[in-house]
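Just so you know, the protein sequences line up as chains B and L, in that order. Under the working numbering, the letters of the first sequence match residues 1 to 138, in that order. Under the working numbering, the letters of the second sequence match residues 1 to 174, in that order.
Accuracy of the hints is not assured; some may be wrong.
FRET-style restraints, in silico, Cβ to Cβ [claimed, not checked]:
#1 B/Ala90 <-> L/Phe147: 31 to 39 Å
#2 B/Thr43 <-> L/Leu19: 28 to 36 Å
#3 B/Arg15 <-> L/Val61: 53 to 61 Å
#4 B/Gly88 <-> L/Gln2: 33 to 41 Å
#5 B/Ala116 <-> L/Ser73: 55 to 63 Å
#6 B/Leu41 <-> L/Gln116: 25 to 33 Å
#7 B/Asp34 <-> L/Gln2: 12 to 20 Å
#8 B/Arg20 <-> L/Ala129: 40 to 48 Å
#9 L/Ala22 <-> B/Ala90: 39 to 47 Å
#10 B/Ala90 <-> L/Ala171: 48 to 56 Å
#11 L/Gly104 <-> B/Leu87: 55 to 63 Å
#12 L/Ala129 <-> B/Glu118: 18 to 26 Å
#13 B/Leu108 <-> L/Met1: 42 to 50 Å
#14 B/Ser86 <-> L/Ser143: 24 to 32 Å
Below, a sample of chain L positions facing chain B; criterion: calculated Cβ distance under 7 Å [stated by the list, open to error]:
#15 Arg23
#16 Met25
#17 Gly29
#18 Ala30
#19 Glu38
#20 Asn40
#21 Met126
#22 Phe147
Treat the hints as calculated values from the structure; they're not laboratory data. Cβ coordinates follow ideal geometry from the N, Cα and C atoms, glycine included.
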Amino acid sequence: MRAAAIQRMADALLRGVGGRSVKLRLPAPAAGGDVTEELGLATPSFQDVAMWPVAFRRVWAKTSEGKATEKELLVSAKTVEGMVGSLGHASASVLFAGAFGVLVDDVLLEIVSVSAAEAMGEVYAYRLVLREPQALTV
Amino acid sequence: MQNAKDTFYMALRGRLAELNPARTMVVRGAVRPGIVVEENELPSAGTSTDAFVLQWTALKVDPHGPMPLAAMSCDIRYATDGAIARTTAGTTAGTTGNGGMDRGRMLGEMDAELVQAIEPRSAMKMNYAETPAAAMATRVFWSDVVFGAVKAVGERLTRTATVLVFAYQEAGEL
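Starting from the given sequences, assemble the full structure and let the hints guide the process.
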């Protein structure tokens with residue numbers, strides 16, 4: 001009950017600060033016994049799963065000369081829990097560890113780290129630190 | 001050169017699987033022998049412990065002689081945290097079975113496996129881009145393993161060993 005209330009409040013806050021939608025790109029399971037992927041001859045297919053509501057903490061963006069920019073994305077815990085359940089992952093950390101990245105406006109950002117934000121012992125959001133591709137570095 | 005790289009990996013993979021069938025890793029849900037080529041995996045694949053990670057580094061080509069001779073440096077990186085529990089997803093849970101006090105022994109096991117797997121130091125070059133893989137005319141051969149010093153970061157022990165892999169470039173080969 002308390003967890004649901006905290007998560008609803010977090011979702012309302014995320015929507016209130018311009019909550020938007022991004023996609024989590026997940027690689028398909030590897031083909032067992034097929035060495036073509038191991039040799040780089042075949043690439044896995046990908047599945048894009050929408051995450052909403054999410055919000056960027058723009059003031060947090062880390063920029064330094066010659067290095068890719070890092071941004072922090074806050075993702076609704078309720079959304080993540082739904083994805084963990086529907087996609088059959090053991091936990092949120094396993095879900096994000098296996099992900100290829102986050103698609104933001106058709107740009108794929110690499111997941112650098114993931115941490116859970118808690119209040120009163122309940123997870124209300126996940127903080128994802130994302131790195132922009134080096135090709136976009138100015 | 002790609003055929004030589006593939007051949008070296010497949011030779012090592014087969015030998016390691018035979019030496020220690022229990023050394024496996026889970027990559028995107030599939031159980032594989034505990035060896036990967038870094039450049040063939042997704043950039044987001046992360047760090048693997050208790051597995052061998054191959055990284056191709058330096059390259060030198062000697063154009064003199066009937067066929068160009070390519071010399072490629074292969075770094076074989078491996079790390080261990082000691083006895084670990086595996087989750088159902090195959091990732092390390094970090095709960096050490098005995099406080100990680102056997103990490104030196106486990107690294108020693110990996111050293112020994114690599115020493116054995118590297119022998120014999122040649123294999124027939126194969127073209128794995130064809131199905132089934134086709135044997136080529138020359139062999140791929142390689143040097144002894146040069147073991148680097150162990151690096152300790154927290155409880156994790158890491159070593160990088162280097163092997164120099166040689167192969168003749170056959171006509172029409174990339």
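Hint check:
At about 36 Å, the beta-carbon gap between B/Ala90 and L/Phe147 stays in the expected band of 31 to 39 Å. A C-beta distance of roughly 30 Å is found between B/Thr43 and L/Leu19, which places it inside the suggested range of 28 to 36 Å. Separated by about 59 Å at the C-beta atoms, B/Arg15 and L/Val61 satisfy the suggested range of 53 to 61 Å. Between B/Gly88 and L/Gln2 the CB atoms are about 36 Å apart, so this pair conforms to the stated range of 33 to 41 Å.
For B/Ala116 and L/Ser73, the Cβ-Cβ distance of about 42 Å falls outside the hinted range of 55 to 63 Å, so the restraint is violated. Taking the beta carbon of each, B/Leu41 and L/Gln116 are about 28 Å apart, inside 25 to 33 Å as hinted. Range check, B/Asp34 to L/Gln2: about 18 Å between beta-carbon atoms, so the 12 to 20 Å window is met. For B/Arg20 and L/Ala129, the Cβ-Cβ distance of about 43 Å falls inside the hinted range of 40 to 48 Å, so the restraint holds.
With their beta carbons about 22 Å apart, L/Ala22 and B/Ala90 fall outside the hinted range of 39 to 47 Å. Our hint of 48 to 56 Å for B/Ala90 and L/Ala171 holds, since their Cβ atoms are close to 51 Å apart. At roughly 39 Å, the beta carbons of L/Gly104 and B/Leu87 sit outside the given window of 55 to 63 Å. At about 50 Å, the beta-carbon gap between L/Ala129 and B/Glu118 misses the expected band of 18 to 26 Å.
Checked against the given bound of 42 to 50 Å, the beta carbons of B/Leu108 and L/Met1, roughly 29 Å apart, lie outside it. In this structure the supplied range 24 to 32 Å is violated for B/Ser86 paired with L/Ser143, their Cβ-Cβ distance being about 51 Å. Below 7 Å, beta-carbon pairs count as interface contacts, and L/Arg23 has none with chain B, the closest being about 15 Å; its hint is therefore violated. The interface hint given for L/Met25 is violated, since its Cβ lies 11 Å from the closest Cβ of chain B, which is over the 7 Å cut-off.
Against a cut-off of 7 Å between C-beta atoms, the interface hint on L/Gly29 holds, since the closest Cβ of chain B lies about 4 Å away. For L/Ala30, the suggested interface contact is upheld, since its CB lies about 4 Å from the closest CB of chain B, less than 7 Å. About 10 Å separates the beta-carbon of L/Glu38 from the nearest beta-carbon of chain B, more than 7 Å, and the hint is not met. Here the hint on L/Asn40 is kept, as its CB sits about 4 Å from the closest CB of chain B, short of 7 Å.
Nearest Cβ of chain B to the Cβ of L/Met126: about 10 Å, over the 7 Å cut. The hint is violated. Restraint check, L/Phe147 versus chain B: the minimum CB separation of about 25 Å is more than 7 Å; hint violated.
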